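2 protein chains.
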Amino acid sequence: MDLFNVITVADAKKKLSAYIESRTPETVPLLSALGRVLAADVKACEDVPGFHRSTMDGYAVKAQNTFGASETLPAYLDVVGQVQMGASPGGKIKDGEAWAISTGGMLPEGADAVVMVEYTEKLDDKTIGVIKPAAPGENVVRKAEDVPAGAVVLKAGHLIRPQDLGILAAAGVTGVPVLPRYKVGIVSTGDELVEPADVPGPGQVRDINSYTLYGLVQQAGGIPNLYGIAKDNFDVLKEKMSKALVENDIVLVSGGSSVGTRDVSAGVINELGQPGVLFHGINIKPGKPTIGAVVNGKPVFGLPGHPVSAMVVYNLLVNPLVRWGSYQNEGQNILVRAKITRNMRSAAGREDFLRVRVYVDKGELYAEPVLGKSGLISTMVKADGIARIPESREGVEVGEYVEVQLF
Amino acid sequence: MDLFNVITVADAKKKLSAYIESRTPETVPLLSALGRVLAADVKACEDVPGFHRSTMDGYAVKAQNTFGASETLPAYLDVVGQVQMGASPGGKIKDGEAWAISTGGMLPEGADAVVMVEYTEKLDDKTIGVIKPAAPGENVVRKAEDVPAGAVVLKAGHLIRPQDLGILAAAGVTGVPVLPRYKVGIVSTGDELVEPADVPGPGQVRDINSYTLYGLVQQAGGIPNLYGIAKDNFDVLKEKMSKALVENDIVLVSGGSSVGTRDVSAGVINELGQPGVLFHGINIKPGKPTIGAVVNGKPVFGLPGHPVSAMVVYNLLVNPLVRWGSYQNEGQNILVRAKITRNMRSAAGREDFLRVRVYVDKGELYAEPVLGKSGLISTMVKADGIARIPESREGVEVGEYVEVQLF
Chain L
5 MDLFNVITVA DAKKKLSAYI ESRTPETVPL LSALGRVLAA DVKACEDVPG
55 FHRSTMDGYA VKAQNTFGAS ETLPAYLDVV GQVQMGASPG GKIKDGEAWA
105 ISTGGMLPEG ADAVVMVEYT EKLDDKTIGV IKPAAPGENV VRKAEDVPAG
155 AVVLKAGHLI RPQDLGILAA AGVTGVPVLP RYKVGIVSTG DELVEPADVP
205 GPGQVRDINS YTLYGLVQQA GGIPNLYGIA KDNFDVLKEK MSKALVENDI
255 VLVSGGSSVG TRDVSAGVIN ELGQPGVLFH GINIKPGKPT IGAVVNGKPV
305 FGLPGHPVSA MVVYNLLVNP LVRWGSYQNE GQNILVRAKI TRNMRSAAGR
355 EDFLRVRVYV DKGELYAEPV LGKSGLISTM VKADGIARIP ESREGVEVGE
405 YVEVQLF
Chain S
5 MDLFNVITVA DAKKKLSAYI ESRTPETVPL LSALGRVLAA DVKACEDVPG
55 FHRSTMDGYA VKAQNTFGAS ETLPAYLDVV GQVQMGASPG GKIKDGEAWA
105 ISTGGMLPEG ADAVVMVEYT EKLDDKTIGV IKPAAPGENV VRKAEDVPAG
155 AVVLKAGHLI RPQDLGILAA AGVTGVPVLP RYKVGIVSTG DELVEPADVP
205 GPGQVRDINS YTLYGLVQQA GGIPNLYGIA KDNFDVLKEK MSKALVENDI
255 VLVSGGSSVG TRDVSAGVIN ELGQPGVLFH GINIKPGKPT IGAVVNGKPV
305 FGLPGHPVSA MVVYNLLVNP LVRWGSYQNE GQNILVRAKI TRNMRSAAGR
355 EDFLRVRVYV DKGELYAEPV LGKSGLISTM VKADGIARIP ESREGVEVGE
405 YVEVQLF
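So the sequence lines, in the order shown, correspond to chains L and S.
Residues in the first sequence are numbered from 5 upward in steps of one, following the working numbering.
Residues in the second sequence are numbered from 5 upward in steps of one, following the working numbering.
Hints listed in this document are in silico derivations from the structure and should not be mistaken for laboratory results.
Careful, some of the hints might be misleading.
Since the list gives no way to pick one copy over another, a pair counts as held whenever it fits inside one copy or between any two copies.
Said to hold, decoys possible - Below 20 angstroms or equal to it, Euclidean Cα-Cα: the simulated PhoX-like pairs (lysine-lysine) are:
(1) K47 <-> K386
(2) K17 <-> K159
(3) K366 <-> K343
(4) K98 <-> K187
(5) K386 <-> K159
(6) K126 <-> K17
(7) K47 <-> K147
(8) K147 <-> K377
Computed from a predicted structure; not experimentally measured.
Let the hints inform the model, and build the full structure from the sequences given.
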């Protein structure tokens, strides 16, 4: 690889973005919307709630009728009605009156507060004494306080969480406009690879990358499809990748990017369609020997064969596309800050990604680097996340804070 | 509710744990194992890798043959073979010899290092000059360095992540022993509730809790089943809950736990089987009016009707069961530390849970409380996580660090 041709992650994204087309949204039922990304703003058609609503069990009142009330001098009110749940009280409250009401009930017209039952004393069936004044609005959710009609309840580009299903339900949205799920074809290359079910012979190892990538795509909301192991042979690889390209929106080929085989991957990609390979090498460690390509509008990535490198590159370049549909729409990503437990060197001009085990000690978070070659999947298993050392730094010192992307 | 009967979250878990039975594990195919929890330790049958393996393209050598080599005085070696990928080199290296090898190739017997191709010069087809000494083990993954035969690669109770699929593949594990997925029946109660597809009339609101709970169960790896809205009527609720109890492992009923209706829920639960209601009220805010019960070995929860409270209680008491199968096996939970942006009061002797929006400013994480009644689902939508104020505290002051559980 020509060392002068490695580019930054930002430039890699820019090159790819020039060719990535936006895709047609789809509508899914509310109960299938968890983990999907909204394709359009969603608005509420009606006020939520559509009426002043009690948040307590007690009595709906005019607040001013309770002003000055105390245990020694209660405010006496006539109980003129009982609010039925899910129905209009069908009456208007007058001065000196109270309506019995349960949590969630609709306040009668003219009432502006609810006195908790604990702050009343029952004199007879028709009369209560209020022993504590209520402020206007007390124990009441006002009409439209949760969501006013016409308000955007969730914006396009929002990743749908459980509470978002709740607000969509509240707004009456039973069909949710979302980005389509990306289908991701996964091919592993390498004459030394065998399937997990096989017992490796001399010089052979089981395929790891197909399975970590399968999990990563699934976790990002994509649909992974495995195409198995292609031996390092131009025609075999071309056949598998052509098929994967027809059946998927993104294709990942791992392993074929080190000197021995990467020219095969790059050559195959360039034969599949236009524009082909866009870059070949990025200035990160691990993960340098990465191929970025677009073939007929579909992103194709040549990921490094080392399992740790493949995961790092997936997270940087592939995950944003699978999750958010583009590099521009990535949602807020909250990283944890942790103190690094040892000095780590890094070359300036290169982004370094450290595997770290994260633990808490006396209320402080620590990130302990998990050392080991990037060919060792066990190092990723021991780690809880990845810390990044920016290009501008030549390392981090023990006790310094680093930002960790947790797995 | 008798205020003196509220118990702590720890006590609530203890009471429930006494009745929760461990469940029979199941075996799933490797590709279905993401997000499941291992039910048994998993061991590797063979060494990974099963041989000394090159991590670079170059030449396999005896390291000692390169000691002292430099650009001015290269170490000259005879290239006696080329290692084929996925096969045994079938030869032994002798002093003064080198074998051409690619990344991932198997070192010939006797070789203990790989010289990168960049540090060699080719004199003729049969001879190279090494211009930099290689240390023993350099550019080599030793046999068993990733995983030794017989080692536990993942422990029982581990939540399976993408890289764990990778190490399972490497270890040849194609059937994975996991905890069964919990089926969770969800019932909402309230005469005021209507389905999301319906337009609420006066005094009516759409059901929110069924949908947030559906999402929460799904997110925790459980299988949610909705039983719709039960009006506040003993017989209707009993029929729905009996059915839910037969068809599920856990039953959640939301809304029926405030004064107006909670006695109905508690009464129904007690009629369904033994031991019935174990506690009624926990010392948290929001979420106090919570019912914990076990019926014939199955946990049943009466969650508060306010959507925020229902989510808080779900996360504390229900989520650990759905995710980990018990309160004892919860995995490590890494919280983010953020500075709170305003003073918040809290009653001593009560755990408070604050909805917070989390944002980064100049490298510092901040948690901004999202204020609003616990009946407002929109406050959960605006929040990024929940901060906890322990029972021992009477509040937090602006600038203090709080621990936030991100959504």
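Checked hints:
In this assembly of identical chains, K47 and K386 lie within 20 angstroms of each other by CA distance solely across copies; the values are 15 angstroms between and 44 angstroms within a copy. Taking identical chains as interchangeable, the C-alpha atoms of K17 and K159 are never at most 20 angstroms apart, the minima being 24 angstroms within one chain and 38 angstroms between chains. For a Cα distance limit of 20 angstroms, the shortest separation of K366 from K343 qualifies both inside one copy, at 13 angstroms, and across copies, at 17 angstroms. For a Cα distance limit of 20 angstroms, the shortest separation of K98 from K187 qualifies neither inside one copy, at 63 angstroms, nor across copies, at 51 angstroms.
Taking identical chains as interchangeable, the C-alpha atoms of K386 and K159 lie at most 20 angstroms apart only when they sit on different chains, with a minimum of 12 angstroms there against 37 angstroms within one chain. For the identical chains of this complex, K126 and K17 are neighbours neither inside a copy (70 angstroms) nor across copies (38 angstroms), given an alpha-carbon limit of 20 angstroms. Taking identical chains as interchangeable, the C-alpha atoms of K47 and K147 lie at most 20 angstroms apart only when both belong to the same chain, with a minimum of 17 angstroms there against 60 angstroms between chains. Proximity of K147 and K377 under a CA criterion of 20 angstroms is satisfied inter-copy only: 13 angstroms between copies versus 61 angstroms inside one chain copy.
The structure fails to meet hints 2, 4, 6 from the earlier list, while all remaining hints are met.
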